[in-house]
Structures are given as C-alpha cells and as structure tokens.
Amino acid sequence: MKLEIISFGKISEFIHHQQVEISNVTNTDQLKSYLETSFPELADMKYKLAVNQNIIQSNQSLKNQDVVAIMPPFSGG
Amino acid sequence: MSEKKIKNIFVNGAISPSFIAESISRHATKTAIGGHSIFMGQIRRDEVNGKFVAAIDYTAYEELALTKMNEIREEIFMKYPLNCMHVYHSLGSINAGEICLFVFTSSAHRKPAIEACNELVERIKAELPIWGKEIFEDDTHQWKENI
Numbered sequence: 001m002k003l004e005i006i007s008f009g010k011i012s013e014f015i016h017h018q019q020v021e022i023s024n025v026t027n028t029d030q031l032k033s034y035l036e037t038s039f040p041e042l043a044d045m046k047y048k049l050a051v052n053q054n055i056i057q058s059n060q061s062l063k064n065q066d067v068v069a070i071m072p073p074f075s076g077g
Numbered sequence: 001m002s003e004k005k006i007k008n009i010f011v012n013g014a015i016s017p018s019f020i021a022e023s024i025s026r027h028a029t030k031t032a033i034g035g036h037s038i039f040m041g042q043i044r045r046d047e048v049n050g051k052f053v054a055a056i057d058y059t060a061y062e063e064l065a066l067t068k069m070n071e072i073r074e075e076i077f078m079k080y081p082l083n084c085m086h087v088y089h090s091l092g093s094i095n096a097g098e099i100c101l102f103v104f105t106s107s108a109h110r111k112p113a114i115e116a117c118n119e120l121v122e123r124i125k126a127e128l129p130i131w132g133k134e135i136f137e138d139d140t141h142q143w144k145e146n147i
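Line order of the protein sequences matches chains A and B. Just so we're aligned, residue 1 is where the first sequence starts under the numbering used here, counting upward by one. Just so we're aligned, residue 1 is where the second sequence starts under the numbering used here, counting upward by one.
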C-alpha cells in the first residue's frame, strides 16, 4: 500500500516527508516495526503516530493513501 | 458559550507587548467581566553545558494542533463560566526574552479565570503537537522537551 509519511521535531531531521510503497503492512504496529527497522534512530525514541490527523493510542488498521505523522514528545509553550 | 468555528492560535514570530496591551483594551466594553487572568510564556536564556539559548524555533502540526485546541477550548468553556478565552502561540524563531505564548481568560469573578488559564497552559504544553528547537548562541541546537 501507499502511505504518505510526515514527521516533526527531532524526527524530521532523519525522516523526511515522503511517499512510501510498502507491502506486508496493514496496521500501525506493523508500520512502527517497518519504520524502526528503516530508521534505527527512531527505535530509541519516544514517539506517537497520527493517522489522517488522529493521534493513535493503540494499534489501528491502515489503508491505501493514509497520511501518517510521526511525532516526538510535544514541547510547545 | 462554546465557539464552533476553529480559531487560529498561531502567530508568526514573537507576540509583542503592544498586541497584548491591545487585547486587554478590547475588553473594556465587556462590562460583565470582573477578572482577567493572563499567562505569558517567555523564551528563557537557559545555559546547557556552558552554552546559552539564543532563541527557540517553533514548528507545529498545525491542522492537528488547531483541531485539538478547539476541543480543549470547548471543554474549558463547558467546565468554567468564562466570558472570554484567547490563546496565541508563536511559530518560527523567537529570541530569548520574547513572548511565545499568550493565554488570556476572563470571567465575572476571579477564580474561574485563574483556574481556566492555568488548566489551558498545562493542556497546551501537554497536548498540542508543537515542537521547540533551542538554538544556542553558537548556532548549534537541541530539541526542547517539556517537563
């Protein structure tokens, strides 16, 4: 499936905005494994995913063309 | 008095003292108000390993932040009897000593304004997808973490 990956904060320094075509990934847990393998720096960090602007609290299925945001801990204010 | 339309909270650059003064003065005609509470976040010239923070560069997942802020706004209006609530957060590079967050609540009596203002600041820092990159005086940087 095709996904659009966007990233923020410290993560944006090593994962750039990109379209990815990945097979064998149907949910966010599988996507996390894929990302942590592709970008080992991510495995050591705290981060959250948002799918189509909804922050994910537990595993969720993905569909073609979803926009997935990778977000480190917030530091506004 | 919940507000349905999504308000933009982001301003490019620092929040100027004159903007804050004008914001206060616009409430002079709202005579049901008896108390205002204001929080202003200022960029601190932190020292880290002998280097000083010169500025913080803020970025945000703006669409998500505005949706989330709208939820927070509605919940705070449900919880406290407020007349007014205003939130502004800077984006871009803000120098040490400048204002990057302005939260302004008003109510008939002081307590709801004070408590709502405090809760808003805590929720903004914890829940809005905004990131601060601390730029040191030698142009190196580190990413800020809220504690």
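No lab work stands behind these hints: they were computed from the structure. Just so you know, these numbers come straight off a predicted model, no measurement behind them. For each residue, glycine too, the CB sits at the ideal point set by N, CA and C. Each hint should be verified, as a subset may be incorrect.
[Claimed, not checked] Keeping only pairs whose Cα atoms sit at most 30 Å apart, straight-line, the calculated DSSO-like set for lysine-lysine is:
1. B:Lys125 to A:Lys32
2. B:Lys111 to B:Lys7
3. A:Lys46 to B:Lys51
4. A:Lys2 to B:Lys68
5. A:Lys46 to B:Lys125
6. B:Lys133 to A:Lys48
7. B:Lys7 to A:Lys48
8. B:Lys111 to A:Lys48
9. A:Lys48 to A:Lys63
10. A:Lys48 to B:Lys68
11. A:Lys48 to B:Lys125
12. A:Lys46 to B:Lys111
[Stated by the list, open to error] Pairwise CB distance ranges (calculated):
13. B:Gly35 to A:Asn27: 21 to 31 Å
14. A:Glu41 to B:Glu62: 41 to 51 Å
15. B:Arg26 to A:Ser33: 47 to 57 Å
16. B:Thr140 to A:Gln65: 52 to 62 Å
17. B:Ala28 to A:Glu13: 39 to 49 Å
18. B:Glu63 to A:Glu41: 24 to 34 Å
Here is how each hint holds up against the structure:
1. A threshold of 30 Å between alpha carbons decides the hint, and for Lys125 (chain B) with Lys32 (chain A) the separation of about 25 Å falls inside it, so the pair holds.
2. A C-alpha spacing of about 25 Å is found between Lys111 (chain B) and Lys7 (chain B), which places the hinted pair at or below 30 Å, so the restraint holds.
3. Between the alpha carbons of Lys46 (chain A) and Lys51 (chain B) the distance comes to roughly 26 Å, so the proposed pair stays at or under 30 Å and holds.
4. For the hint pairing Lys2 (chain A) with Lys68 (chain B), the CA-to-CA distance comes to about 27 Å; that is within 30 Å, so the pair holds.
5. Taken as a hint, the Lys46 (chain A) and Lys125 (chain B) pair is honoured in the structure, with Cα atoms around 17 Å apart against an allowance of 30 Å.
6. The suggested pairing of Lys133 (chain B) with Lys48 (chain A) holds, with an alpha-carbon distance near 18 Å, which does not exceed 30 Å.
7. A threshold of 30 Å between alpha carbons decides the hint, and for Lys7 (chain B) with Lys48 (chain A) the separation of about 25 Å falls inside it, so the pair holds.
8. A C-alpha spacing of about 35 Å is found between Lys111 (chain B) and Lys48 (chain A), which places the hinted pair above 30 Å, so the restraint is violated.
9. In summary, the hint linking Lys48 (chain A) to Lys63 (chain A) is supported, as the alpha carbons are separated by about 18 Å, within the 30 Å threshold.
10. Restraint check for Lys48 (chain A) and Lys68 (chain B): satisfied, since their Cα atoms lie roughly 15 Å apart, inside the 30 Å limit.
11. Restraint check for Lys48 (chain A) and Lys125 (chain B): satisfied, since their Cα atoms lie roughly 16 Å apart, inside the 30 Å limit.
12. Annotation: proposed proximity of Lys46 (chain A) to Lys111 (chain B) is violated, straight-line Cα distance about 37 Å (limit 30 Å).
13. Hint check: Gly35 (chain B) to Asn27 (chain A), Cβ distance near 49 Å, so the stated range 21 to 31 Å is violated.
14. At about 25 Å, the CB distance of Glu41 (chain A) to Glu62 (chain B) disagrees with the hint of 41 to 51 Å.
15. In this structure the supplied range 47 to 57 Å holds for Arg26 (chain B) paired with Ser33 (chain A), their Cβ-Cβ distance being about 52 Å.
16. Checked against the hint of 52 to 62 Å, the C-beta distance between Thr140 (chain B) and Gln65 (chain A) comes to roughly 38 Å, which is inconsistent with it.
17. Between Ala28 (chain B) and Glu13 (chain A) the beta carbon distance is about 47 Å. The supplied range of 39 to 49 Å therefore holds.
18. Between Glu63 (chain B) and Glu41 (chain A) the Cβ separation comes to about 26 Å, which falls inside the hinted range of 24 to 34 Å.
Violated hints, listed in ascending order, are 8, 12, 13, 14, 16; each of the other numbered hints is respected by the structure.
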